[in-house]
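Top line first, the protein sequences correspond to chains A and B. Sequential numbering from 1 applies to the first sequence in UniProt numbering. Sequential numbering from 1 applies to the second sequence in UniProt numbering.
Bear in mind the hints are in silico, worked out from the structure with no lab data behind them. Hints may contain errors.
[Stated by the list, open to error] Across the chosen pairs, the derived CB separations fall in these ranges: (1) A:F133 <-> B:L60: 17 to 25 Å; (2) A:M137 <-> B:A72: 31 to 39 Å; (3) A:P56 <-> B:P255: 37 to 45 Å; (4) A:R42 <-> B:G69: 52 to 60 Å; (5) B:A253 <-> A:A83: 51 to 59 Å.
[As the list claims (entries may be wrong)] These stretches of chain B come out as covered by chain A in the derived footprint (C-beta under 8 Å, 3 or more residues): (6) 16-22; (7) 74-82; (8) 92-102; (9) 172-184; (10) 211-220.
Quick caveat: nothing in here was measured; it's all calculated off a predicted structure. Using N, Cα and C, we set each Cβ at its ideal position, and we do this for glycine too.
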Amino acid sequence: MKRRPSVIVILSALVLLAVVIVALVGNVFTSHAVTGQDLLNRLKPPAFLGGPEQYPLGTDRIGRDMVARLVAGLQMSLSVALAGTLIGAVFGTVIGFIAAHFRGWVEEVLMMFVDFQASLPFILIALTLLAFFGNSMTLFIILMGLFGWETYARLARGVVLSATSQPYARAVVALGAHPLQLYVKHILPNVASALIVQITLTFPQIILLETALSFLGLGIQPPNTSLGQILGDGRDYLSTAWWISVWPGVLIFVITLSMSILGDALRDRLDPMLKTRTS
Amino acid sequence: MTRFWLIKLLRTILTLWFVVTFTFVVLRTSGDPVVALLGGDAMPDEIEQFRRQWGLDQPLIVQYLSYIGQMATGQFGDSLRDHRPVMDIILERVPATVSLGLVAYLLATLVGIPAGIIAALRRGRFVDRAIMAFAVFGFALPNFFLGILMILLFSLMLQVLPSSGTGTIWHFIMPAVTLGTFTAGTLARFTRSAMLEVLERPYMRAAAAKGVPAVKRILFHAFPNAAIPIVTIVGLNLGQLIAGAIVVETVFAWPGVGRLLVTAVSQRDLALVQGLVLVIAATMVLANLAVDLTYGLLDPRIRKGAR
């Protein structure tokens, strides 16, 4: 059932590509430093709305260039989400493999952790850990990695359990392969497509989690910045400088929207088993 | 039947025990619990009294058991900032959150379920595509940004709605819409797929052949059968709603439990955080139990087939 991707899917891919390029080389769009303050030009509107020409998207409360801020925030949000997604995928998959390999009480205990995490909204767990351990970049990235690991664990465990009963897996074992070899070289390639689909679905959720926490002032802390943090910063200036909040918000929306569309399309294409009737 | 309920009950108790253990472990591994719960500037005799009162001079296993006992009976200690019992502070905030949550849920159900039914009936047509596009938007638009956009539009530009606080019915509109949008989108998606599945069943054709009017067919034959998966989604969405309330209450300065949690975390009022997490988790787990049980009541196949 190979058909050509729809216009919307192609558009989403192009938008994402553009966002990544902006994150990588965005600093060519501005001559201002992220931290460069221009106290005479505080809360100036974007150039196209009559603001000073050197600030195309306006300035914030201490006269920092919005373009430089947005590029820095975008870099932070994307890299934190990427790190979190990868940590969660690797950790969850390994846990799933371990559960399926050892069975018995190891599996029971690991699956209890999975059920525990699935039973609570993750933001609650994240807030508890942030409150007790205090915020640091390391903890924050670990938190993003903890998000969604249980989905990968379930997925990996299920696949291993069904694969080990199949002839190819038994043949590999009969030939004397080490279990690790079986998982990495033979089963992992078979789960790869399902994992990739799950990654594209988790990524926008982690972006939303990070930006929400940073928006609340509980995530990325100054002098670092993220899209959510800029948005939260602009909250107190809505009546005088709406652009501080609106630009990062639009960016977050565009990223999560195009990523979700891509993820759905990828799921329909790579994994007919998971295909929902909604699409 | 009894077996089905017993298993569900056991799982609920197990999850609650897990949550309490989680806070116990976090409290112990993050540093001295006395300093955590009393603050750094406590007097030596105060610390000594606290240690005895909470049994911190006892062996760890005794501490753990008495901790479970105290948490189970709602004795969360005093807030670091207010010096009032944590339970009292939380209970004051519950009505605001519950009323906001109910309004948001009502709104989401009234919009989401009919939208899903209409989309299923008009499958592939323009209305269907428009409704599904709206659902995807609701999923991708962060609730804090939706809230900010609404404040910009309705409070600052049009000046028709209050931007924050509580008091009148007008104060409900923006927070409830912001909170309900995500749920409405999810509900529409699930209602649509559940309806599509049911509409293809032979009994629907039989009803049509019998000459049952279309409206009656959809409301009395199709919808009750589609309702089963929808109820599960409603249960699962409670977690989303609570996660949403944490953000939305902060955006609109709504004096509820979610905003209390954010303030407590940023002030590191650990006794309050611990109490809030336990209360919220217990509410969620119990609500999920209730949903599971209704699910069993709605569909005899589930309780009969339950292992």
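Now the hints, each set against the structure:
1. A:F133 <-> B:L60: 17 to 25 Å: holds (20 Å)
2. A:M137 <-> B:A72: 31 to 39 Å: holds (36 Å)
3. A:P56 <-> B:P255: 37 to 45 Å: Holds - the Cβ-Cβ distance for P56 (chain A) and P255 (chain B), about 40 Å, lies within 37 to 45 Å.
4. A:R42 <-> B:G69: 52 to 60 Å: Taking Cβ atoms as reference, R42 (chain A) and G69 (chain B) lie about 56 Å apart, which means the hint holds.
5. B:A253 <-> A:A83: 51 to 59 Å: The hint (51 to 59 Å, Cβ to Cβ) is violated, given that A253 (chain B) and A83 (chain A) are roughly 33 Å apart.
6. 16-22: holds (count 3)
7. 74-82: It is violated: at least three residues are needed, and the region 74-82 of chain B offers just 0 whose Cβ sits closer than 8 Å to chain A.
8. 92-102: Violated, because only 0 residues of the region 92-102 of chain B bring their Cβ atoms closer than 8 Å to Cβ atoms of chain A.
9. 172-184: violated (count 0)
10. 211-220: violated (count 0)
Violated hints, in rising order: 5, 7, 8, 9 and 10; the structure is consistent with all others.
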